[in-house]
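Participant: As a plain string of letters, each chain reads:
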Amino acid sequence: MNGRKRGRFARQTGWNVLGLAIFVVMVFPVFWMLSTAFKSNEQIISLNPTWFPLHPTIQHFRDAIHRPFFWVDVKNSLIIVSVTVAISIVLAFLAAIALARYRFGGRKLFIVLVIGIQMLPQAGLIIPLYVVLARYHQTNALTGVIVTYMTFVLPFSVWTLRGFLLGIPKELEEAAMVDGSTRVGVFMKILLPLMGPGLVATSVFAFITTWNEYIFARVLLNDQSKQTVTVWLSYFSGSSRHTDWGALMAASSLTAIPVVIFFLLVQRRIAFGLTQGAVRG
Amino acid sequence: MVPAVETTFDRSRRRRRFWNRTLQGAVPYGLIAPIVVVIAVILGYPLYWLVKLSTERYGLFELIRHSGTSIGLDNYRSVLRDSIFWHTLLRTVIFTAANVTLTMVIGTLLALLLVRVSTVVRILLSSGLVLVWSMPVVVAVQIWYWMTNYQNGVVNYALTKLGFGNFFQHDWYATTFSQLSLTTLLIVWGALPFVVITLYAGLAQVPRDLVEAAEVDGARGWRVFLDITLPILRPILLILTSLSIIWDFGVFTQPYLLIGQSKIVPGNYLMSVYLFEEGYFKSDYGRGAAISLLMLLMVAVLSVVYVRKMVRIGDAQ
Numbered sequence: 002m003n004g005r006k007r008g009r010f011a012r013q014t015g016w017n018v019l020g021l022a023i024f025v026v027m028v029f030p031v032f033w034m035l036s037t038a039f040k041s042n043e044q045i046i047s048l049n050p051t052w053f054p055l056h057p058t059i060q061h062f063r064d065a066i067h068r069p070f071f072w073v074d075v076k077n078s079l080i081i082v083s084v085t086v087a088i089s090i091v092l093a094f095l096a097a098i099a100l101a102r103y104r105f106g107g108r109k110l111f112i113v114l115v116i117g118i119q120m121l122p123q124a125g126l127i128i129p130l131y132v133v134l135a136r137y138h139q140t141n142a143l144t145g146v147i148v149t150y151m152t153f154v155l156p157f158s159v160w161t162l163r164g165f166l167l168g169i170p171k172e173l174e175e176a177a178m179v180d181g182s183t184r185v186g187v188f189m190k191i192l193l194p195l196m197g198p199g200l201v202a203t204s205v206f207a208f209i210t211t212w213n214e215y216i217f218a219r220v221l222l223n224d225q226s227k228q229t230v231t232v233w234l235s236y237f238s239g240s241s242r243h244t245d246w247g248a249l250m251a252a253s254s255l256t257a258i259p260v261v262i263f264f265l266l267v268q269r270r271i272a273f274g275l276t277q278g279a280v281r282g
Numbered sequence: 004m005v006p007a008v009e010t011t012f013d014r015s016r017r018r019r020r021f022w023n024r025t026l027q028g029a030v031p032y033g034l035i036a037p038i039v040v041v042i043a044v045i046l047g048y049p050l051y052w053l054v055k056l057s058t059e060r061y062g063l064f065e066l067i068r069h070s071g072t073s074i075g076l077d078n079y080r081s082v083l084r085d086s087i088f089w090h091t092l093l094r095t096v097i098f099t100a101a102n103v104t105l106t107m108v109i110g111t112l113l114a115l116l117l118v119r120v121s122t123v124v125r126i127l128l129s130s131g132l133v134l135v136w137s138m139p140v141v142v143a144v145q146i147w148y149w150m151t152n153y154q155n156g157v158v159n160y161a162l163t164k165l166g167f168g169n170f171f172q173h174d175w176y177a178t179t180f181s182q183l184s185l186t187t188l189l190i191v192w193g194a195l196p197f198v199v200i201t202l203y204a205g206l207a208q209v210p211r212d213l214v215e216a217a218e219v220d221g222a223r224g225w226r227v228f229l230d231i232t233l234p235i236l237r238p239i240l241l242i243l244t245s246l247s248i249i250w251d252f253g254v255f256t257q258p259y260l261l262i263g264q265s266k267i268v269p270g271n272y273l274m275s276v277y278l279f280e281e282g283y284f285k286s287d288y289g290r291g292a293a294i295s296l297l298m299l300l301m302v303a304v305l306s307v308v309y310v311r312k313m314v315r316i317g318d319a320q
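Protein chains in written order, with my numbering: chain A, 2 to 282; chain B, 4 to 320.
Hint data in this document are derived by calculation from the structure and do not stem from the laboratory.
Straight-line alpha carbon distances no greater than 35 Å define the calculated DSBU-like cross-link-like pairs of lysine-lysine that follow:
#, chain 1, residue 1, chain 2, residue 2
1, B, K55, B, K312
2, A, K171, A, K190
3, B, K266, A, K227
4, A, K109, B, K312
5, B, K285, B, K55
6, B, K285, A, K227
7, A, K109, B, K55
8, A, K76, A, K227
9, B, K312, A, K171
10, B, K285, A, K76
11, B, K266, A, K76
12, A, K171, A, K109
13, B, K55, B, K266
14, B, K266, B, K164
15, A, K190, A, K109
16, B, K266, B, K285
17, B, K55, A, K227
Start from the sequences, fold in the hints, and give me the full structure.
Facilitator: Encoded structure:
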């Protein structure tokens, strides 16, 4: 046994311990949310907190879902998210094909538009969007929110789908064209099936961003029965002096669950879609 | 007779070819037409209104009446003479600088650590990062608020137990500095996963044999990082930094909700919050529009590097 080897082993252990420590610090808030959500009230407000729930209870989850407007607002979120994503993906897919497969005059301008819009801070748009939608009586209406959500979902989807399209070799389509397929035929028989995973990943990621969105919904929807889940959650503790921490953490967990599940499913693909421009640059 | 027939035949074929080519050329325009029209309506039209609003007196009364009163550049004059605007701008710049520096430095260190740990720890740590990445911002704010609660918050308990002093009933929302520091922690925590995972993907491109050769030649870890790793990571670092600057400069949800748990006052405004409070909350849409335009212009300047790089990538393919 030489010292060099032992030194390397000690160093490796050191890195591992550090890695584990960082894992604990990073994940702790999520753990604490879940742990609190299952604790009894006495345990939550105890001055000597315990790490794990001693007698796990689902009472807080029951309280959370029985709060006024929970189910209505979940329904609103689902409607807004699905309509936004459905429309956006169709429109974005067409534009992505143009970007990935054709060269045309004004292409560069279109790229600038797609990238530039994604950089606009949402807060900077709330005033004009609110005033314009108020003119057409679309504030406090789900359609108004859907329209505003498309402002950020559309450009994002175009860029991501374009990335996925570039991963499909052009030769496949050209071969089919030589064999006498029409453009529509090539689209239906080759592009669509091959793009399946990319379309799913992009839709899911668009789903997550719209589900999580806060500021547009906060500005446009004042009626409690029209709000989205994130706005509902943001008002949870604001109403009373004594916050019901257990219910708040249960409500937070419920809001996060669909996102976490979807995110874990597509993260690998979407990380590829998001970074392929950056990493390969 | 015969040549004449041939000419008409030729001409009709040429015409058909001409039409075919024109149709071919029209395909990409047909594909982008729907999205261009939609974007023009849902974004172009509001942006036109933004410019128009910024030159008008437009409050609740005008909102109901659906038309404002033109007042020239008075809104801009009012904003630029407002000391709150300049203080907010300065605060936002410092806040952004702190967030971006912390995110990028810690992010780079964590990505380098991810390469060094053993496989089990790497999988554990990266799954943890993905879990954090997936947390909705509003949820993260609520967790932060609960952890830093002065009475039962686990942060006060842990800091006291770990011997950092007496944090019993310490109020983290008492001073502006403390409020903004908490917000910074929240933002950095949420931003790290994306940065670390992207940088880690970039590190995979660092050729192993190059590093080993340098080590055989006696280069220390620090030199290897500066001479080999950093140049390869440079383009990714540049993109991530500009993205972080743009995002953190315009951040709204985290400061608005977290600081809002105690109280939003002009003394703790960040740019987006200032715009929300002065424009939307006080129903002074004209002045709010002027602030929005100024803010959009600043972000446009900040985005130049990023947009140019991305457009070059997109145009090349």
